[in-house]
Amino acid sequence: MAPLLEVDGISKRFRGLRAVDDVRFAVREGEICALIGPNGAGKTTCFNVIAGVFPSDGGEVRLGSERIDGRRPDQTCKAGIGRTFQLVKPFVGLSVLDNVVIGALNACRTVPQARDRARDVIEMLGLSPKRDAPASALTLPERKRLEVARALATKPRILLLDEVMAGLRPTETDQMVSLFRKLNTDTGLTILLIEHVMRAVMALSRHVVVLHHGQVIADGSPEQVTRDPAVLECYLGEEVQ
Amino acid sequence: MSRLFEDVSLRGAVLLVALFAGLLVMPRFAGDYLLTVLILILYFAYVGQAWNVMMGFAGQLSLGHALYVGVGAYTAAALFIKFGIAPWIGVLLAVPLAVACGAVIGFLAFRFGVAGVYFAILTIAFAEFFRIGFDHFSWVGGSAGYFLPVAQYTQNDLWRLRGNPTMFYYIILAMTAALLVLCRLLLSSRLGYYWLAIREDEEAALALGIDAFRYKMIAVILSAGLTAPAGVFFAFYYNNLFPEQVFHISRSIELILAPIIGGIGTLFGPILGAFLLTGLAESLTNMLHAFGVETPGAKQVFYGVCLLAVIVFLPHGIWPPLRRALGLGPRDEPH
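Respectively, the protein sequence lines represent chains A and H. If you count by my numbering, then the first sequence holds residues 1 to 241, one letter each, in order. If you count by my numbering, then the second sequence holds residues 1001 to 1335, one letter each, in order.
Calculated from the structure, these hints are not laboratory results. Every residue, glycine too, gets a C-beta built ideally from N, C-alpha and C. Careful: at least some of the hints might be erroneous.
[Said to hold, decoys possible] Restraint ranges, calculated between C-beta atoms of paired labels, are given here:
no.	chain 1	residue 1	chain 2	residue 2	range
1	H	Gly1116	A	Arg67	32 to 38 Å
2	A	Arg18	H	Ala1115	28 to 34 Å
3	A	Ala2	H	Ile1311	55 to 61 Å
4	H	Asp1135	A	Ala166	22 to 28 Å
5	H	Gly1116	A	Ala2	42 to 48 Å
6	A	Arg67	H	Ser1189	30 to 36 Å
Take the sequences, apply the hints, and build the full model.
Listed below in structure tokens is the structure:
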């Protein structure tokens, strides 16, 4: 199938540091793709370039047939990129419902329609019991789910998830995994996720891209990358002779 | 209409109608003094509400709202005195001028990433700039002041806004009620949701497809435009304008106290705050007067104490806990 998201040679330098260096990969329509790598590999920077938070120092980002590099975050969202933040950013002064309504307004013409859509998404993420609670009253796992709900409510063509499993207990991780798998099979939603929890990566993705020092060092199926010597080396260090 | 009363409990609606009805019949019972206090209360409720659009809803702190009051006041007064143009027409120029000022400040700030305290300082700078400018603007009296003709009016002339306190009372009451309705509609609209998102977290708002620059500009423009009619009212009610007073930073501070005390970002906070602050301050002045104590700064000290108390004990203002205590609607606004 044709790639939905094509990252074609993007780079990002912060003064002397090359956080992202000529990164290329593609995510096919309907696929769940994982972007993994050690801490500081440039995964979140990569997300921020795709989502328009930072302009790229070169290269192109294409969503479908559209070039989206150089656009602002609100414009990439309009183009179909939904993203969550590694450090969750709930609107703490608002209720869970209002948080999600704001996301849903991106996809709906009227406020009542957005409220309906928000209720559905909240239901899907199992947050209904907390719907009218202020977001400030949520636990961290709930905040992570709210983060996903809000991004999902914008009706993205591709969902960028930045470590939504981090800090969750194994059972909670499994719940999230089954949720994303269900979303993917039921609605055909394409997902690109940054993840450290390998249990989730292996359970979800058919396609894994490994970043190290801002560069792609492996790109393939989970089985391929976990056998790749370069990947093993960056995670575990060189073998002692 | 359905949107207007959505989520308002029956008890809330009854209380609101009762309050409004009470205010409507007030001039029949209140003497001139009480009426002037009520006018002052409603004036502060109105400007507080207009300021709240920018700070309470969109999270942009303006400490220079006296600018928009002053621009409104001077525009309408000058048109009236120089050309005999009635304030109802004058307001049609006063509002666009205030909007233009707001647009310049907003554009400079939001385009160049001036935010938070620095944005507040920019708003002060503009108000000060106008204060000093008008001090030297002799066409409208300069620092010597600008005066509307005052005479004993036997009849109320609503068109030219010349008349007794009762007329002014009903005008400011209508303005405050209309603004409450408008803010209620704004807050439940797409625009209102976008403002709240920007106020809570601009980066997250952007990621949800909200053009923050655009909606912050709308907030500043609307807030400025809504503040200007209060200036027109101010000019015709007090009949004298001094740049030192109208544009002074103490005016800007004074007009944000009611929403802070009542509850920033709430619809009823500015109104409650105005009643509490102005009502209590006036009683205090009277009481001191009755005891024969003349302390010119007493009101300011009182404001300071109230502000401290509210910030320490009720950081979200008096209205949110009061609303809960009264058992009113679940989702009036921020919590």
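Hints, verified against the model:
Here the CB-CB span from Gly1116 of chain H to Arg67 of chain A is close to 34 Å, well matched to the stated 32 to 38 Å. At about 29 Å, the beta-carbon gap between Arg18 of chain A and Ala1115 of chain H stays in the expected band of 28 to 34 Å. For Ala2 of chain A and Ile1311 of chain H, the Cβ-Cβ distance of about 58 Å falls inside the hinted range of 55 to 61 Å, so the restraint holds. Between Asp1135 of chain H and Ala166 of chain A the CB atoms are about 59 Å apart, so this pair departs from the stated range of 22 to 28 Å.
For the pair Gly1116 of chain H and Ala2 of chain A, the beta carbons lie near 45 Å from each other, so the given range of 42 to 48 Å is met. Between Arg67 of chain A and Ser1189 of chain H the Cβ separation comes to about 33 Å, which falls inside the hinted range of 30 to 36 Å.
Against the hints set out earlier in the document, a violation occurs for number 4 only.
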